[in-house]
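Engineer: Given chain P, put chain F in place with the hints provided.
As given, the protein sequences belong to chains P and F, one line each in that order.
To convert, note that position 165 of the first sequence is 165 in our numbering; the numbers rise steadily by one, no gaps.
To convert, note that position 181 of the second sequence is 181 in our numbering; the numbers rise steadily by one, no gaps.
By construction, these hints were calculated from the structure, which means they are not laboratory data.
Since we're looking at a predicted model, the values are computed, not measured.
Keep in mind that the hints are not guaranteed to be accurate.
[As the list claims (entries may be wrong)] Have a look at the derived ranges for each label pair, beta carbon to beta carbon:
#, chain 1, residue 1, chain 2, residue 2, range
1, P, Val63, F, Thr58, 50 to 60 Å
2, F, Thr58, P, Arg40, 27 to 37 Å
3, F, Glu219, P, Glu43, 39 to 49 Å
[To be verified] Under the rule of at most 25 Å between Cα atoms (straight-line distance), these lysine to any residue pairs were calculated in the SDA-like manner:
#, chain 1, residue 1, chain 2, residue 2
4, F, Lys163, P, Asp4
5, F, Lys250, P, Tyr31
6, F, Lys166, P, Ile156
7, F, Lys88, F, Ser103
8, F, Lys260, P, Met88
[Stated by the list, open to error] Examples of chain F residues lying across from chain P (beta carbon under 10 Å, computed):
#, residue
9, Ile164
10, Glu179
11, Phe197
12, Ser199
13, Asn259
Positions of the beta carbon are idealized from the N, C-alpha and C atoms, including for glycine.
Residues per chain, in single letters:
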Amino acid sequence: MLLDKKNIYAFDECSILHQCVIKAPEGFAVYFRGDTLCARYYERLLTLLSQLNSNNIPKYKFVPSNFQKNIIKVTNQLIKDSGVDLSMLPNTAISVISDQIEDFRDKIIPSYEDINKCDDIDAVKKIFESGNIGFEIDDDVPGDDDCKIIAGYDKISCEGKKYLISDDKHFKKNWKIINEKYKIGIVPESRCHELCKSS
Amino acid sequence: MILDKNEAICLILGLTQDKIVSSITKLNKLLARLNLHMIPVDIKFSLNKFGSYDADLTNIKENEFFEIESYTYKGKPCRKVIMKPEGKELFKSATKKLEKIFSEKDFNSLKDEINGLDKLDAKSISNNEHKKLLVDVDDRTHLEQKLNVINVEMYDLYSDIDKIEKDTLSGIKLRALIEYGYFLAKFLKNVRFKTMFDSDEYDFDANMMHYYFIYALGEAIPFLEEQIKIRDRDDKKINKFYQFIINSAKQEYPFSLENKDLNKLIQKCC
Numbered sequence: 001m002l003l004d005k006k007n008i009y010a011f012d013e014c015s016i017l018h019q020c021v022i023k024a025p026e027g028f029a030v031y032f033r034g035d036t037l038c039a040r041y042y043e044r045l046l047t048l049l050s051q052l053n054s055n056n057i058p059k060y061k062f063v064p065s066n067f068q069k070n071i072i073k074v075t076n077q078l079i080k081d082s083g084v085d086l087s088m089l090p091n092t093a094i095s096v097i098s099d100q101i102e103d104f105r106d107k108i109i110p111s112y113e114d115i116n117k118c119d120d121i122d123a124v125k126k127i128f129e130s131g132n133i134g135f136e137i138d139d140d141v142p143g144d145d146d147c148k149i150i151a152g153y154d155k156i157s158c159e160g161k162k163y164l165i166s167d168d169k170h171f172k173k174n175w176k177i178i179n180e181k182y183k184i185g186i187v188p189e190s191r192c193h194e195l196c197k198s199s
Numbered sequence: 001m002i003l004d005k006n007e008a009i010c011l012i013l014g015l016t017q018d019k020i021v022s023s024i025t026k027l028n029k030l031l032a033r034l035n036l037h038m039i040p041v042d043i044k045f046s047l048n049k050f051g052s053y054d055a056d057l058t059n060i061k062e063n064e065f066f067e068i069e070s071y072t073y074k075g076k077p078c079r080k081v082i083m084k085p086e087g088k089e090l091f092k093s094a095t096k097k098l099e100k101i102f103s104e105k106d107f108n109s110l111k112d113e114i115n116g117l118d119k120l121d122a123k124s125i126s127n128n129e130h131k132k133l134l135v136d137v138d139d140r141t142h143l144e145q146k147l148n149v150i151n152v153e154m155y156d157l158y159s160d161i162d163k164i165e166k167d168t169l170s171g172i173k174l175r176a177l178i179e180y181g182y183f184l185a186k187f188l189k190n191v192r193f194k195t196m197f198d199s200d201e202y203d204f205d206a207n208m209m210h211y212y213f214i215y216a217l218g219e220a221i222p223f224l225e226e227q228i229k230i231r232d233r234d235d236k237k238i239n240k241f242y243q244f245i246i247n248s249a250k251q252e253y254p255f256s257l258e259n260k261d262l263n264k265l266i267q268k269c270c
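The following block holds chain P by itself, in its conformation from the complex:
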């Protein structure tokens, strides 16, 4: 098994929130195709989680959290992914969905261990800037919060390998440099189930 107690499996908060199944509000059922909404790779995330849980391997999250921003991001994403035009959806329906994500977060988040984000991010920023990865588009540059996650994770000692399960485009686009410099394996949600497969 690739899952190993010596490894660290950390999730960015959006990937934690992607483990939630949302019940489409009955009163607004007309806007939705099904009764529920869930993230594209929900099943794969669940596979990884159940393996981690059954092997008693702890899961990690990063603190402090930008929970408000992340709940809104995941709410909008789930709605869009379900094929609904966000601008057509009543505000009440959007709010009821974000309520469910918030409740899920309150319930699930204590089961994750903490990794403190690190505010000292100058070195991390420099590495990204000097990494010859040519940030031509501003949007590709990892933001301060992404750098705090990497800097915080870097401070954690680990006998095995560090994984960061995330669909954040900044991490996904810069996976190579993050792996080379920090020995952190970026695992997109689409491939997270592969962590459980026999090597």
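Structural biologist: The following block gives chain F in isolation, referenced to the frame of chain P:
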């Protein structure tokens, strides 16, 4: 956030001085009062001549949280409700739930009111409720005026909805509350009470949520007008109105998130 029946009963018992309510009728009235404090409770109140009434409470049975003791008062058989130690735990869990919608000031105001009302007889509690909710036939003109004003004011708020940002949870909740309140006010005016104002009949057996919602919208409007203008909002109070106005109505109430035909009803209101 909603309190089930046992939680609501223990909340009332816990707020009284001796953890006792002297009659089932009084308990009924005190439980109904929770609605005027915007506390969602899973109890279906309808209107009888004494105000809010839940028929199921008449047959209330002793359980692990409270006991029922029979006694005679002025020759009439009565039953009082007494909190058990397990009920104290349920009281704690109910007050914990309230922390999401209540400030300390709100809680103290509820406590003072329940304590004050507990000293009155059930009839006086009903009279007080009648005045607040305008359920009497004599108050019908006031009720109609109030509903008209609420509709106009909710329309104004709804017209300003795009001024509220979408990138904070408080903004999302506030937008939802204004939108839902706007259509709820329309439902009450154009559907539920459309023909009632021409009638002199007492609204017997009406679902009390109609009246609670008119009261709640009336209380919410000045607050919403203030909140729409600022970013540093009173999230707890927004949540209080949000939970009551949006989440407290169950399937049996037409304007409810649980009604599959809510969208059709909204079209009908407009």
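Engineer: If a hint holds in the structure, say so; if it doesn't, say that too.
Structural biologist: Structure-based check of each hint:
1. In this structure the supplied range 50 to 60 Å holds for valine 63 (chain P) paired with threonine 58 (chain F), their Cβ-Cβ distance being about 52 Å.
2. With their beta carbons about 53 Å apart, threonine 58 (chain F) and arginine 40 (chain P) fall outside the hinted range of 27 to 37 Å.
3. Separated by about 46 Å at the C-beta atoms, glutamate 219 (chain F) and glutamate 43 (chain P) satisfy the suggested range of 39 to 49 Å.
4. Distance restraint check for lysine 163 (chain F) and aspartate 4 (chain P): the Cα-Cα separation of roughly 51 Å exceeds the 25 Å cut-off, and the hinted pair is therefore not satisfied.
5. Restraint check for lysine 250 (chain F) and tyrosine 31 (chain P): satisfied, since their Cα atoms lie roughly 20 Å apart, inside the 25 Å limit.
6. Between lysine 166 (chain F) and isoleucine 156 (chain P) the CA atoms are separated by roughly 36 Å; this puts the pair beyond 25 Å, and the hint is violated.
7. Simply put, lysine 88 (chain F) and serine 103 (chain F) have alpha-carbon atoms about 21 Å apart, close enough for the 25 Å limit, and the pair holds.
8. Restraint check for lysine 260 (chain F) and methionine 88 (chain P): satisfied, since their Cα atoms lie roughly 18 Å apart, inside the 25 Å limit.
9. Restraint check, isoleucine 164 (chain F) versus chain P: the minimum CB separation of about 9 Å is within 10 Å; hint holds.
10. The beta carbon of glutamate 179 (chain F) comes within 5 Å of a beta carbon in chain P, closer than 10 Å, and the hint placing it at the interface holds.
11. At about 27 Å, the closest approach between the beta carbon of phenylalanine 197 (chain F) and any beta carbon in chain P exceeds 10 Å, and the interface hint on this residue is violated.
12. Violation of the interface hint for serine 199 (chain F) is found here, the shortest Cβ-Cβ separation to chain P being roughly 29 Å, above the 10 Å cut-off.
13. Against a cut-off of 10 Å between C-beta atoms, the interface hint on asparagine 259 (chain F) holds, since the closest Cβ of chain P lies about 6 Å away.
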